[in-house]
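Trainee: Let the sequences and hints guide you as you build the complete structure.
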Amino acid sequence: MRALDWITQVLEVVAALAAAPVFLGWLNQCRAWLQNRRAPSLWLPYRSLHKLFHKEAVIADNASSLFRIAPYVVFGAMVLAAGIIPSMGTRLPLVVAADAIALVGLFAAARVFMSLAAMDVGTAFGTLGARREMMVGFLAEPALLMVIFVASLISSSTALPAITENLASGRIGLSPGLAFSAVAFVLVLLAENARIPVDNPATHLELTMIHEAMVLEYSARHLALMEWAAQLKLFNYVCIGFALFLPWGVARAHIGPVGLLVAIPALAVKLAAAGAGLALIETVSAKMRVMRIPEFLATAFLFAVLGLLVHVLLGA
Amino acid sequence: MTHLPLDQQMLDSCAALLLLLSFAMLSQRRVVTLVNLYAVQGAVLAAATLLLAWRTGEGHLYLSAALTLALKVAFLPWLLHRLIRRLEVYWDTEPLLNVSGTMLAGLLIVVFAFALAQPIALLASTATRSAVGIAVSVVLLAFLMMITRRKAMSQVVGFLSMENGVFFGAMSASYGMPMVVELGVALDVLVAVLVLGVFFFQIRERFESLDLHHLESLKEHE
Chain A
1 MRALDWITQV
11 LEVVAALAAA
21 PVFLGWLNQC
31 RAWLQNRRAP
41 SLWLPYRSLH
51 KLFHKEAVIA
61 DNASSLFRIA
71 PYVVFGAMVL
81 AAGIIPSMGT
91 RLPLVVAADA
101 IALVGLFAAA
111 RVFMSLAAMD
121 VGTAFGTLGA
131 RREMMVGFLA
141 EPALLMVIFV
151 ASLISSSTAL
161 PAITENLASG
171 RIGLSPGLAF
181 SAVAFVLVLL
191 AENARIPVDN
201 PATHLELTMI
211 HEAMVLEYSA
221 RHLALMEWAA
231 QLKLFNYVCI
241 GFALFLPWGV
251 ARAHIGPVGL
261 LVAIPALAVK
271 LAAAGAGLAL
281 IETVSAKMRV
291 MRIPEFLATA
301 FLFAVLGLLV
311 HVLLGA
Chain B
1 MTHLPLDQQM
11 LDSCAALLLL
21 LSFAMLSQRR
31 VVTLVNLYAV
41 QGAVLAAATL
51 LLAWRTGEGH
61 LYLSAALTLA
71 LKVAFLPWLL
81 HRLIRRLEVY
91 WDTEPLLNVS
101 GTMLAGLLIV
111 VFAFALAQPI
121 ALLASTATRS
131 AVGIAVSVVL
141 LAFLMMITRR
151 KAMSQVVGFL
161 SMENGVFFGA
171 MSASYGMPMV
181 VELGVALDVL
191 VAVLVLGVFF
201 FQIRERFESL
211 DLHHLESLKE
221 HE
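Same order as they appear, the protein sequences are chains A and B. Letter by letter, the first sequence follows residues 1 to 316 in our numbering. Letter by letter, the second sequence follows residues 1 to 222 in our numbering.
Where hints are given, some of them may not hold.
If you want the footprint, here are the derived chain A segments under chain B, 3+ residues with CB under 8 Å [claimed, not checked]:
| id | segment |
| --- | --- |
| 1 | 285-298 |
| 2 | 304-314 |
On the chain B side, residues computed to face chain A include the following (Cβ under 7 Å) [unchecked claim]:
| id | residue |
| --- | --- |
| 3 | 12 |
| 4 | 13 |
| 5 | 16 |
| 6 | 99 |
| 7 | 100 |
| 8 | 103 |
| 9 | 107 |
| 10 | 110 |
| 11 | 114 |
| 12 | 130 |
| 13 | 133 |
Hints listed in this document are in silico derivations from the structure and should not be mistaken for laboratory results. On a predicted model such as this, the values are computed, not experimentally measured, just so you know. For glycine and all other residues, C-beta sits at the position ideal for the given N, C-alpha and C.
Mentor: Spelled out as structure tokens, the structure:
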């Protein structure tokens, strides 16, 4: 069984690395269809990554070493996170490294490095993007933690695989607390990944941009790593959502190799559905003004805390 | 964790939904949407009453579910919409206190209400006793809404939402009040809304607005 666990682990990380760009491609494709545009190719993110890796890197004269190492740190954090999240199986050797709370910390660390790197060169856009990113981050993090607390309380564990294992066993049934936190989680996901009501990922050089403003100074392989890390982050968030709210199809501890064979198509189906759902949300909603973002995230926090309270009151 | 029966789970979900709708009303700026939300809250309340009636087999609960449906989902929203049309306050939005701040205050109120309801819930012997806390929070959130609003129309909706909370509390603590009391309360609410409807016209004729802060000064000219 030990070997199987490691296979699952490696498979998960490789799948995350390979599937993250195509997931973004799928999302963009769905969005284009919904908006009656001709859809870009599904493989476009791969092609642009490939193109960026083969370009010559240009770095500003006054950039410090922080600016150079930040893409590697951010990318590394996202890969590690992909290893912790039980997207296919629940018996992962890497899980001892971090529970769900440390996972939130991992995302925060990546965000800090990204913001510092954006400020490092000293351009106005970079600083502006970094400050906005930190504003979104500090409002989204408590909501995300609350969501995780609800799931942890239900399963009495903060390790993601244990939570998934417990929820997948189907003993919980209809839980209003969990439903509320699912809504909160979707709001946090949109905010954290610079999706439409909060940030528009399709624009460059607009005064309202957040994520794009931070990576403006990067080029070539550094930019490729940053983009790939952003795609991985989206993929990771979606997989956390599956682990907490839709844990069906995941290979559970006692099933063995067959479970893994079921888990891979199950994950693909769930990702396709999630991509279409996200595209739908992005199509029907309009970009908010930056001043409204705290209100949006306060709603997410409200949902998460209500989920917690309702769970404590009704579930006890 | 024990597996609760399905109807219990659905009742709990209804209770949670009522709480959520209270928050939605608290954050809503537009009067028309507010009235619609009130109608939805009434519908959820009727569904919860029906579920409870089916679960306990108490006949009078069916009657009060029907009463809720007729009065709070159909008649009162219709009346309020008509008033909105007649007073031409469709697009009446009102400046709220900072929405996030109001929400956080609402959360604190919910925590307080849950703590308050804990001993009551321990005394009750009904299957829905855990929902008493939610009923108390619906009442207090409606209070908060009435305090933070300035327009007369939103205050009336707050008042009606408060009655929803009281009704739900009675239902979950003791399977509803006696029929006579329930009918009396329903009639009271009806009369109150009718009287307030007339009152709106009077306020508007006098001050040319439904903003209640005009009523705060005693004399017209200082």
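Trainee: Could you run down the list of hints and mark each one as holding or not?
Mentor: Now the hints, each set against the structure:
no.: 1; hint: 285-298; verdict: holds (count 3)
no.: 2; hint: 304-314; verdict: holds (count 7)
no.: 3; hint: 12; verdict: 5 Å, holds
no.: 4; hint: 13; verdict: 5 Å, holds
no.: 5; hint: 16; verdict: 3 Å, holds
no.: 6; hint: 99; verdict: 5 Å, holds
no.: 7; hint: 100; verdict: 4 Å, holds
no.: 8; hint: 103; verdict: 5 Å, holds
no.: 9; hint: 107; verdict: 5 Å, holds
no.: 10; hint: 110; verdict: 6 Å, holds
no.: 11; hint: 114; verdict: 5 Å, holds
no.: 12; hint: 130; verdict: 5 Å, holds
no.: 13; hint: 133; verdict: 5 Å, holds
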